[in-house]
Amino acid sequence: MLNSQISGIKSLFRPSDALKGPITALTEASSAYIPVALDKERFYTPLTNGSSVSPQKQLSFTESGFPVYSAFTGEVEDILKLDHPLLKETVAIKIAHPTFSFSLPAEKYDIDSYSPDEIIEWAKKAGIVDETDGERLYKKLQRIKASGAKILVCNALSDTPFEAANTALLRSYGEAVSKALVAASYAVGASRCAIAVFDGKKAPQFPQSIGQVPVMKINFRYPSKPLLDMQIRGWGGGDQIGAGALFALYQALTSHKPHTYVCLTVDGTAVKEPKNMFVPIGVPIGDVVRNCVVSDLPHLFVVGGIMNGVTCLPETPVTATMTSIVVNDIEKYESERICSGCSECVGVCPKKLLPVHIMTALKRGNSSMLSLLNPELCIGCGCCSYVCPSRINIMQSVLEAKNEVLSHTAKTEGGSDEEL
Amino acid sequence: MKSFNTAPFIRLDSDKFPKYYTDLLIALAGPLFMAVFLYGVRAALIMAFSLVTAVFLNALEFSVFGNKPIIDADDILTAVIIPLLCPATINLLIPCAGVAVAVAVRIFISNFIRPKMMFLSTACIGWIFLVAVFGSRMFEYTQPQALTSFSLSVTSVGETVPSVTALIKSGNGESFDLIHLLLGELAGPMGASSPIVLLACALFLIIRHSAPYQTFVGYILSAFVCSVAFGGVSGCTLLTAGLFSISGGSLLFCAIFIACQRHFYPMTKTGRWISGILLGFFTVLLRNILPIEQAAPIAILVITFLSYYIDVVAYLLNNAVRYVKVLHRNRIRQRIEGIRKKSRKNDDEAQEIL
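Just so you know, the sequences run in chain order W and X.
All residue numbers for the first sequence refer to my numbering, where the first residue is 29 and numbers rise by one.
All residue numbers for the second sequence refer to my numbering, where the first residue is 424 and numbers rise by one.
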């Protein structure tokens with residue numbers, strides 16, 4: 029009731045059963061859709077229908093030279109517009125009956141032989157995207173370098189239910205992740221680096237350090253990312269990078285392999301045998317789930333994390349930012365009820381916003397009130413929706429309000445520029 | 424397929440009867456018991472009639488709109504609160520009419536108003552409706568007599584006595600007796616029983632985190648201060664007048680069971696303090712202005728209607744305070760850095776000299 033006065037949610041972490049087994053790899057898929065036009069940036073695709081694709085072959089690139097690769101061998105069947113719940117509308121290449129195989133490449137190059145600029149350049153050449161925030165790694169490294177960071181932290185927290193990919197990756201390939209973290213720290217000029225993992229009785233255990241990097245055991249409330257950011261600011265400034273992106277950076281530096289696979293967890297109330305898997309980017313999530321034992325009940329597929337992700341169709345392709353696919357029984361879902369005014373959403377908001385009032389202002393169309401309530405500060409963690417006893421999807425309304433306020437601000441600024 | 428966020432559906436505990444309602448119903452057992460103790464079995468009968476009305480209307484709503492009844496037990500609470508705001512002499516069916524109006528308003532808001540949100544105290548609306556329709560019959564109070572009336576008959580209307588609030592309004596404090604006050608043996612609504620029992624209920628709800636202490640404490644303190652400041656009661660000390668002012672009538676009962684209902688108080692801590700203080704002020708003000716004896720339900724209805732705006736004001740205030748704090752912290756940091764730079768300079772100069 030009124031006791032959730034400290035921001036965030038306590039004890040949300042529960043280890044996924046997927047951590048019990050090793051990380052496996054997906055071996056077959058019916059088709060693949062590779063998004064080639066991310067964001068609003070202009071991409072160039074030298075391919076047409078019938079063109080052959082193969083691993084290591086660049087499928088498209090931006091004006092700034094950021095590339096897109098695929099893990100598949102096959103032929104382009106179509107170039108189409110794809111409505112992806114995470115990427116929104118994007119252009120994708122469809123490959124019918126793709127063949128692929130996952131293997132860890134042999135280490136051909138010494139990771140310590142790169143200069144800082146070369147490390148950042150390879151993060152760009154390999155097309156690596158950080159799964160924690162969707163930012164391109166090379167841009168992120170450049171930004172961190174420019175900010176004069178003191179510390180770089182590897183985020184392996186996996187703090188939501190049904191998600192354990194980063195933890196599994198650190199457990200199985202800890203050395204590789206720590207080496208990549210040291211290289212990234214060197215690239216950005218940070219004097220310290222650390223790996224952040226969850227602490228607690230139920231959390232998987234890690235040694236005091238992996239390679240040369242110390243392991244920080246922390247027990248934050250959910251959402252851990254902004255709280256870790258606050259902690260990092262307290263240490264003199266810096267940033268955090270996901271374990272998945274660091275693993276991709278390690279492969280790029282040691283074997284010049286592009287970022288074509290992601291490690292993700294398949295779990296949920298409908299999944300009987302949860303797994304952590306290496307999955308090529310572009311495979312439909314339905315094909316991934318088919319590799320796990322699921323119940324016969326109707327399913328609901330959720331991508332982007334159970335707390336702040338969205339539901340999607342089985343045809344939705346895997347993207348570089350995915351760390352989990354949650355498959356839940358659809359029968360456990362019920363409609364929202366009337367708001368009881370319990371104020372739990374206000375108590376847990378990590379940004380100290382008034383989520384329910386933002387929702388009310390949005391639904392009443394009161395834009396002047398909206399601008400007072402600062403919905404643009406929302407980080408979309410989903411705490412408000414999670415704690416709501418009436419199961420109202422507050423987060424969605426707050427994000428809508430955020431978009432409205434941001435677009436209104438952009439319009440106003442655009443207008444004033446024109447006037448000037 | 425429309426994408427939607429799944430966070431509201433991870434928890435599977437929402438079907439349980441919410442702890443908040445259980446706590447409130449347990450707490451209401453206190454004044455309910457006192458009402459039966461002081462006014463006889465008839466008090467329980469009035470309550471039973473009201474409850475049947477609420478359950479019947481809930482079932483009707485379920486058959487028409489398909490809404491899950493009872494889970495959010497607002498109507499049950501309303502059906503207990505409205506009779507407790509009435510005198511013991513009231514006709515059995517009158518509180519039922521109030522409950523029917525209150526439930527009808529709740530049904531209208533939850534089915535036809537968007538966003539689905541309660542922003543009015545339906546119990547207050549039901550009570551105001553009764554006052555508007557039945558007028559003086561809502562204020563025909565009788566002298567409570569513990570354990571004396573176990574029959575279903577009620578003291579006749581002719582034996583009505585002025586309530587504490589009426590005495591305060593008339594400025595007559597000569598008959599105020601603290602022992603009678605503590606035992607709840609003062610004329611007033613059925614729920615205006617012993618302040619000890621009511622305070623115990625408040626404590627229970629606050630300890631269980633089912634009521635915010637900010638609204639309650641703010642309300643009581645502000646009502647006390649305002650009633651002392653307004654003064655005008657002769658024949659007793661200012662302290663006694665203040666105590667009677669907050670304990671007599673329905674003020675204390677309303678402060679616990681209506682003002683602290685989760686639908687109506689603001690969501691921010693600062694907002695709760697503001698609303699509590701405003702409630703106390705408005706209750707005493709309306710009590711002195713309006714011709715009716717009980718002003719608390721009207722004050723609560725007015726202030727709870729403003730809860731949303733109070734929250735916005737509190738949010739802006741908190742932001743301003745945070746901004747000033749950050750500004751202050753940065754200034755201190757700059758000063759410390761300046762001092763450090765100076766001392767470093769001095770050290771360097773000293774070393775150069777050496």
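If you're looking for bench data, these hints aren't it; they were derived computationally from the structure.
Any given hint could be a false lead.
BS3-like, lysine-lysine: derived pairs with alpha carbons at most 30 Å apart [unchecked claim]:
# : chain 1 : residue 1 : chain 2 : residue 2
1 : W       : 379       : X       : 764
2 : X       : 764       : W       : 178
3 : W       : 253       : W       : 153
4 : W       : 380       : W       : 116
5 : W       : 229       : X       : 442
6 : X       : 764       : W       : 173
7 : X       : 748       : W       : 430
Bear in mind that the values here come from a model prediction, so they are computed numbers and not experimental data.
For each hint, the structure was consulted:
A threshold of 30 Å between alpha carbons decides the hint, and for residue 379(W) with residue 764(X) the separation of about 35 Å lies outside it, so the pair is violated. A C-alpha spacing of about 21 Å is found between residue 764(X) and residue 178(W), which places the hinted pair at or below 30 Å, so the restraint holds. Proximity of residue 253(W) to residue 153(W) is assessed by CA-CA distance (about 27 Å); at most 30 Å being required, the pair is judged to hold. For the hint pairing residue 380(W) with residue 116(W), the CA-to-CA distance comes to about 28 Å; that is within 30 Å, so the pair holds.
This hinted pair checks out: residue 229(W) and residue 442(X) have alpha carbons roughly 28 Å apart, not beyond 30 Å. Between residue 764(X) and residue 173(W) the alpha-carbon distance is near 26 Å, which keeps this suggested pair within the 30 Å criterion. With a C-alpha separation of about 26 Å, the suggested pair residue 748(X) and residue 430(W) falls inside the 30 Å cut-off, and the hint holds.
Checked against the numbered hints listed earlier, the structure breaks hint 1 alone; every other hint is satisfied.
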